[in-house]
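Asks: Chain by chain, the residues run as shown.
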Amino acid sequence: MSDPTQFEELVLPHLNAAYNLARWLTRDVNDAEDVVQDACVRALKYVGSLDGSDARPWFLTIVRHAFYDWCKRNRPAEMARDDGTAIDMAVDPAAVDPEQALLRTAESKALSDAVEALPLAYREVLILRELEELSYKEIARIADIPIGTVMSRLARARGLLQRSPLLRAVN
Amino acid sequence: MNCKQLETLVAACADGEVDALRSYSVKRHLHACAGCAAMHRNILALRARIRSEVTYFAAPPALQARVRATVGAMRAAAPPRSSPRSDRWRWLTGGVLAGCTASVFAWMLGTTVLAWHADEELAGAAVAAHVRATLGDHLIEVASSDRHTVKPWLSARLDYSPPVQDLANEGFTLIGGRLDYLERRPVATLVYRHGKHTIDVFVRPETSRASTQAPRAVRGFNVAHASGPSMDWLAVSDAEPAELSAFVQRLAHEGISQ
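Those protein sequences? They're chains A and B, same order as listed. Going by our numbering, the letters in the first sequence line up with residues 55 to 225, in that order. Going by our numbering, the letters in the second sequence line up with residues 1258 to 1515, in that order.
Here chain B stands alone, though its shape is the one from the complex (with noise of 0.2 Å):
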């Protein structure tokens, strides 16, 4: 090692920076080296010059008395504290706490995007099961407007027995039923007339997704929901949105007298 390359470790000795075992090299060095050693000489002096001739500068009592002031005004600002261990306690159960409302908020959020999630599901496949029967010719497999026919054949169909109305009085006239499809269930089918507009009502036994839902549009039908205690009533149709959902919680309520 030349001792150009020495030049920082002779430094760094000086600041005491260097292991014992790298010490003793560099200090044999010294002893062999006149210029390292002059340099390793001249940073301690300079070092011993700075320590007792430049000031070390105190902080002015006006500064203290200034720190402290704020200081006071921030601890009169904050709450009283207890001794440092309770306050590690109360931190402690605070960050338990935060950590059991932080995973109750993420659990709700959850669910109620996946509740959510499901409901559009549901409202997209209620759309596509009526496109397909009002497509197709296969919008009424039971034409009748008599309740009294529709429920048997339904109920024959299904293990269930699906409430049916006919609001004819109130512009809602029944015109038949049929069996569909929906999340991975028959389902009872009752289509409706309401002025020129052809309504589907989805009859399932209450699933466990409750409360009712404002009504929402899907590809231009407009999707209305009602749950009764024992059933729920999942209307579709290119009706007015207010309309449908009126009428769906008609159903839901005649429903429950059944």
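For reference, chain A alone in the conformation it holds in the complex (with noise of 0.2 Å):
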């Protein structure tokens, strides 16, 4: 049933997750909002399947998908640096303009740069583990990997975060 009522009582509290994870995934406060308001149309249609389990990772769910199509629609080349073995470039040069980051002094903003440097498939399972608090179950499922993909994407995240020449400059 798509009823607005279990929509507002089991999806709209997860709201603020949503855009969160859009906002990462973007990296754009405009983009975000469209793809949350596109992953609120979704969710209406289909929170009569939601019975039972847990809204926030299928929120989630389905605010992934919403972004990776509207990835596909805006940014393919985005994607297609994600896909399979080769990403192994430790930062997104599309996501960092090198002036800017030299004018950013706080340290709290380095750390953001470079997990908005890290390559999508990276940030994603990243924001969803340490922002989200997700297990790595709930990761899997949304991200729709296997739990070792989950595991080793996260090791490879933070090692790169762990090696960003972003961090260095300022540790």
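Warning: the hint list may mix true and false statements.
Taking lysine to aspartate or glutamate and the EDC-like style, the derived pairs with C-alpha atoms no more than 20 Å apart in a straight line are [as the list claims (entries may be wrong)]: (1) K1453/B / E1440/B; (2) K191/A / D1272/B; (3) K99/A / E63/A; (4) K191/A / E1310/B; (5) K191/A / D1276/B; (6) K163/A / E1310/B.
Because the hints were derived from the structure by calculation, they are not lab data.
Join these two chains into a complex; the hints should help.
Replies: Put into structure tokens, the structure is as follows:
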């Protein structure tokens, strides 16, 4: 049943989580809003299938799907960069404007920039793990990958952050 | 286990994904191994930094308003709902009703298909009987244009008495009759001449299958069917389907008055 009441009770409380994920995936406030709006329309349609399962990972799965559909239309290059094992580059060059990075002095900015600079596949598992505090199992379901892949991507993301030139410049 | 193998386990431990027993053995290893202990520390330190320094973006009020507007529009479009409990019942009864409807529909479809199959089979058998009779020398066993001769001859050989009419004045001349065999039963067969065409009419006590069907073509022959209150007529011929159909209807109509 596509029930607005059910949506308001179960899904809407997780709007912040949805927006946070969309914001970290798109790296843009306006694009994030569009993705979340699209995800909400989808969630409204399918909220009937939610019965019994946890609403937050369910909603985040929809947000992620909405993002990838949006990405396919608007940033196909980013998706192409992220496929397969070719993601060995430490920094997504499209993400950070070096001049702006120099202007940013606060340490917290440096870490945020480093997270933004992570390739998409690593960024999403890191956000889901460290900011959403979801379990490996939930992340695996949301990102539609095996748990082993969640673990290896997480390890890679952490390694990239720890070695990030953006962080090293500050430290 | 060496440290390389332990790497993922150490990370999983830091993520709280390892059960108590294995967590204990990992922690014992961390006490003994400086490398793994540093890795464990780094993960926890990075997490602490991420959680304090990396922004958790809250949905801006404008987005919340936008989403609520969408929900409001949906609510306006959807019919008003009562409580969730009665909703559940509504869905349950809806499901039951849908199930019943589906079953009835499937049954009707099934019987229709079966009936259609049976009709198809009957038409095929009637054509086969007609062809057999015309090929051999067996078309007519009682040769008479007098229905008062044909009818008693058939009645004497069957457990029913078929109505027999001569419609010579309408162009369908009775030329005789024979006993044939349809659907595992002997059947009265009247033979008519219409122009150059021979028409076999199988007359049977009414079968459960009712309704008059449109004439159908089987291997180049036309088969027309009509049923009255107590009898069933099935005509096979190479005559025009429309003519054949009209003829068999006429027989059925006349048969009622006999």
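Asks: Identify every previously stated hint that the structure contradicts and give their numbers, smallest first.
Replies: Failing hints, ascending: 1, 4.
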